[in-house]
Amino acid sequence: MTAATLFGLCGAALVGLGLFGTIVHPQPLRKILAFNVLGSGVFLLFGVIARRGAAAAMGGDPVPQAMVITGIVVAFSATALAIALLLRLSSISGSATLSTDTSARPDGSGGGR
Amino acid sequence: MIAAHVFDAALAVLVLGVAIWTVTAGPAFAAVIGFVAYGLLLALVWVRIAAVDVALTEAAVGSGVTGALLISAAARLRPTEQRAAAEQPGPALRFAAAALAVLVAAGLAALVLFPAEPAPTLAPAAAAHLQALDVGNPVTAVLLAYRSLDTLLEKVVLLLALMGVWSLAPDRFWGGAPKLWPGGQRGGELTLLARLLPPIGIVIGVYILWVGAVAPGGAFQSGAILAAMWLLVMIAGLQKAPEIGQWRLRLILVAGPAVFLAVGLAGFALPNGFLSYPEEYAKPLIIAVEVVLTLSIAAILGLLVAGPPESERQR
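Here the protein sequences come in this chain order: U and W.
Taken in order, the first sequence gives residues 0 to 112; the numbers are from numbering that gives the first Met the number 0.
Taken in order, the second sequence gives residues 0 to 314; the numbers are from numbering that gives the first Met the number 0.
Note that these hints are calculated values from the structure, not bench results.
Honestly, I wouldn't trust all of these hints.
To give a feel for the contact side, a few chain U residues facing chain W, derived at Cβ under 8 Å [as the list claims (entries may be wrong)]:
no., residue
1, Ala2
2, Gly7
3, Phe19
4, Lys30
5, Val36
6, Gly46
7, Gly52
8, Gly59
9, Pro61
10, Thr69
11, Val73
12, Ala83
Away from chain U, derived, C-beta distances all over 10 Å, residues of chain W [said to hold, decoys possible]:
no., residue
13, Trp45
14, Ala100
15, Pro137
16, Phe219
17, Pro241
18, Leu248
19, Lys282
Virtual Cβ for every residue (Gly too), placed ideally from N, Cα, C.
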């Protein structure tokens, strides 16, 4: 098995793992973490495609590699925005939960500043 | 060759192990620490599949800057953790999620094991015009020349994310300064690090930017390193976070995308259209765009980690 195939399988497993965590974790922070694992698995699969496209004295196809670099930076901006939303939610409601059951919140009001 | 195979197999097992830890660990803080280690291991994987530029970005942005953001968020959210963790989904949903995850992973694994032949590649096309651009690193050439529209739009995404983060501030704090997670006391190890590391880090950042034209490196990686140095100084309390209302700060933030856009629009007048460079000036133009972009990226990444303003504007 080549290194590319091995890490491709690794990327497939990471996508599954991240998907599972994103669905089952009740805490939004853990969902964000799991979603980042999912995303990095997708990037890794794309990197393996780049590796298979090695040609013209290059170790890999530079186009997917450049797209992954852009993707990592965009994933970071989305994560930063999600974290800011989450911190704001917890500072307004005193809890960090996505539950729509307003009685679960300490003030029962469900928001307001 | 055997040693390389053993190393690859061990690396894959480690990456999967740390990823499982990140998803299943009990306390959120432990999971975040796992995620930072996971990012660094993943950077090694990128080196092993001959993508050193991606490895640098993963280590600096995917693990480093994201890690700083997540660690401070996990610390702030710790009081709310118990209540949120109590809402575990039932076994039926867990089973369904596991089944879906296995299905998706198996489908992707099948794609890896039985890929399309011959492998699609744009490498020869990318190599064909490297000479004309006078840029030795094909990834930099793709980012700043062939697919520069992606890079330009990505800068806009970064700016939009920052606007989104800032807009979450309560009205009374608008224009004020973000408050960073308070680190150690003055005179502690953190202060020492914040005095020692930045000079070295800034030199490394500038080097990675400069060498990006011919070897792995470039504006993203350099910007992330500079942002890390800035954050270190702010977290140690040696320098306050800037007030977001300052026009000079805003100028630095938009300078990168603005210069990029101006060079792109100039392409209409000179060569073949939007975002195309005149051949004899391609290299200096690419370097000029990269230098300004690096400054903007460093400022935006740092401020995204710092979060929305949390104090009223002075004066």
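For this session: Answer holds if the nearest beta-carbon of chain W is closer than 8 Å to that of U/Ala83; otherwise answer violated.
Result: Where the cut-off is 8 Å and the nearest Cβ of chain W is about 4 Å from U/Ala83, the hint holds.
For this session: Have a go at the U/Gly52 hint: is there a Cβ in chain W nearer than 8 Å to its own Cβ?
Result: With a closest approach of 3 Å, the U/Gly52 hint holds.
Exercise. When you look at the beta carbon of W/Phe219, is every beta carbon of chain U farther off than 10 Å?
Worked result: Not fine: 6 Å to the nearest Cβ puts W/Phe219 too close to chain U.
For this session: May I ask you to test the interface hint for U/Val73 with respect to chain W, counting a Cβ-Cβ separation under 8 Å as satisfied?
Result: holds (5 Å)
Exercise. Regarding the assertion that W/Lys282 does not contact chain U, is the least Cβ-Cβ distance greater than 10 Å?
Worked result: For W/Lys282, whose nearest Cβ neighbour in chain U is about 17 Å away, the distance exceeds 10 Å, so it holds.
Problem set entry | Hint status (Cβ of U/Thr69 to nearest Cβ of chain W, threshold 8 Å) | Holds: closest Cβ of chain W sits about 5 Å from U/Thr69, inside 8 Å.
Exercise. Is W/Leu248 truly not at the interface, in the sense that its beta carbon sits beyond 10 Å from all beta carbons of chain U?
Worked result: holds (17 Å)
Exercise. Would you say W/Pro241 is clear of chain U, with no C-beta pair closer than or equal to 10 Å?
Worked result: Non-interface label stands for W/Pro241: nearest chain U Cβ at 17 Å, farther than 10 Å.
Problem set entry | Restraint satisfaction for U/Lys30 [CB to CB of chain W, less than 8 Å] | U/Lys30 check fails; min Cβ-Cβ to chain W is 10 Å, beyond 8 Å.
Exercise. Does U/Pro61 pass the interface hint, meaning its C-beta sits closer than 8 Å to a C-beta of chain W?
Worked result: For U/Pro61, the interface hint holds, since the closest Cβ of chain W sits about 4 Å away, which is under 8 Å.
Exercise. Under the criterion of a CB-CB separation shorter than 8 Å, is U/Ala2 in contact with chain W as hinted?
Worked result: holds (5 Å)
For this session: Could you check if U/Phe19 really has its C-beta closer than 8 Å to a C-beta on chain W?
Result: With a minimum Cβ separation of about 4 Å from chain W (threshold 8 Å), the hint on U/Phe19 holds.
The earlier numbered hints that this structure contradicts are 4, 13, 14, 15, 16.
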